[in-house]
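The chain contents come next:
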Amino acid sequence: MNNEEYFEAKPKDNLKIANENLKSRLLVGTGKFANNQVMNKAIASSESQVVTMALRRIDFDSEQENVLNFIPKGCILLPNTSGARTADEAVRIAKIARAAGCGNWIKIEVIKDNKYLLPDNYETIKATEILAKDGFVVLPYMSPDLMVAKQLVEVGAAAVMPLGAPIGSNQGLQTKEMIRILINEISLPIIVDAGIGKPSQAAEAMELGAAAVLVNTAIATAKNPVLMAEAFRDAVKAGRTAYLAGPGATKDYADASSPLTGFLNNQSE
Amino acid sequence: MDFYRMSQQYDELNIERYLNSIDDQDVINAINKQHLNELDYLALLSPSADKYLEQMAKRARELTIQHFGRTIGLYTPLYLADYCVNQCAYCSFNSQQQFKRNKLTLQDLEKEAGAISKTGLKHILVLTGESRSKTPVSYIKECIVLLKKYFSSISIEIYPLDVEEYKELVDVGVDGLTIYQEVYNEEIYRQVHLKGPKKDYHYRLNAAERGCVAGMRSVNIGTLLGLGDFYSEAFYTGLHANYLQTKYIDVEVGVSLPRLRPFKGAFQPRTTVSDQQLVQMMLALRLYLPRVGINISTRETAKLRDAILPLGVTKMSAGVSTKVGGHSGNEEASNQFDISDERSVEEMMEMIYQNNYQPVLKDWHLFR
Ligand code: SF4
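For the record, the sequence lines run as chains X and H. Quick note, the first sequence lines up with residues 1 to 269 if you use my numbering. Quick note, the second sequence lines up with residues 1 to 368 if you use my numbering.
Do not take every clue at face value.
Computed cross-link-like contacts, BS3-like style, restricted to lysine-lysine with a CA-CA straight-line distance of at most 27 Å [unchecked claim]:
(1) X:Lys198 x H:Lys247
(2) X:Lys223 x H:Lys167
(3) X:Lys115 x X:Lys133
(4) X:Lys126 x H:Lys141
(5) X:Lys95 x H:Lys167
(6) H:Lys111 x H:Lys149
(7) X:Lys133 x X:Lys95
(8) X:Lys115 x H:Lys247
(9) H:Lys33 x X:Lys223
(10) H:Lys247 x X:Lys112
(11) X:Lys237 x X:Lys16
(12) X:Lys176 x H:Lys33
(13) X:Lys176 x X:Lys23
(14) X:Lys126 x H:Lys58
(15) X:Lys115 x X:Lys176
(16) H:Lys148 x X:Lys95
(17) X:Lys112 x H:Lys33
(18) H:Lys149 x H:Lys134
(19) X:Lys115 x H:Lys58
Calculated from the structure, these hints are not laboratory results.
For reference, chain X alone in the conformation it holds in the complex (with noise of 0.2 Å):
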């Protein structure tokens, strides 16, 4: 891409999942604040345009506890199966967060371990391959796994979102490997979720070509999490932007200015 093609290509640069065209690409969730209210102010401040929510959180008959309320208008619900052990109760959960308006995108997360919070990718394989034949826009949280991945895609998943750390660890890309090579081969979105802990990891994963990242622990637990949720916004940014321009190789070498073997292609001169 030249310079030309890249300043006509950047206005446009959204990111496409099912038949939505999103400019934000950090994708926020609603757990772990302290206050609806500071929620709403962080989210507003993160210009996310996707919200991520457990459904077993939501309580439906208080207006003031309910986190729905709280969310910005305008975002797209992402409403997750948190607390699903099994295909099975994802895909039950995915239903009632359906019918009860929180429209059709679904983030699957299936765990069985409550240790690590690490998720069964066999169970959300089959989690998914049912609700998106179902007519949801799936969005499978996993473990960083090529095969997976591609089996994600076959089943009909709308991104797909590998862990960079375990949940809440905030440790950043700790499987960054993996994710490039997810980045590399797999088609759909590659949506980095759990374990970012920094704005500058957020930006790494962004670098390294991540459609999105999604973010709750950090922005949440934050001493000020609205500011923190603006420091993500321009990290996620910064990153996308770098990516687009293309940085570097990374060499173990230096580039001698006067090269170390230049005479040999002297000597025929």
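Starting from the structure of chain X, add chain H with the ligand where the hints point.
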């Protein structure tokens, strides 16, 4: 291998001697470790860790916010009946105590459920004394079916059951089990459980595990602080929680830290667990098991509960009555024990918000 056999490995360990051998460096190492083993946990419980409570508290707060966020789950107990065939030396429902016993009819229960659900709570803990004749599993099941209309999560704190019986309750909508061993020391266990089926130490000890096998989503254990030696009771509680969490990875394990409270009767705790020890145990548990739920009930004073809110607690009870029918105004019944923190759900929520935390009234829903 069940927990009993696993814990026998530590019979050889002379806890007192071990605790005395722990020095400052052991404590500092444990605080800074990523993954603590059971001996690190013991180091954090030791008298040497006294001086490091502040460091432990900082780490505990970080870990808790990291894993649970700035949230505190709220629930309230609901007593079905106070009939009991056991003689636990420390409890007012003890069969030797003379008072007019009560049991909720389904109509009473509906009133009680209505009163609680008006407060906004979605999680309840159903309690009853041990009486298979007055409150058989079939009665408890009927109650659960009714309560499902009002609440999104129902836990039980009732007499220990077989796996099949737990399964029956899970099938009608119970998702959590609370069962305290009361005291891990077998000798003391025998001394304070004078009569009744509860005398069977092993049946009770394995109940938490039977609950896991039966498909409970959350299992909450605890020792009644004050009955046995603080250090070893705290140690075995942690071991038990870790055992369950490691073996049943799909179960959310929680630990309660109840201290003995005044009740009808003359029993005096063997040891008094100080506020400082209670806090130390909570912090040590958090560092040892970062993802375990920690529950502090209204046995503790409002002042203490407010102070420890940011340190590791994940769940608190609110708007509590420890008598049968207590939520819908039955003044006749007896308390199981006296509570300290009498605040309503609304007041608790206010306090939690003021501390910059979010009270969570609903965090689970059984989607069937
Ligand atoms: S503690 Fe439980 S089993 Fe023991 S007397 Fe009281 S109600 Fe009965």
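To test your reading of the hints: which numbers does this structure violate? Going through the list in order, the structure violates hints 1, 2, 3, 4 and 14 and respects the others.
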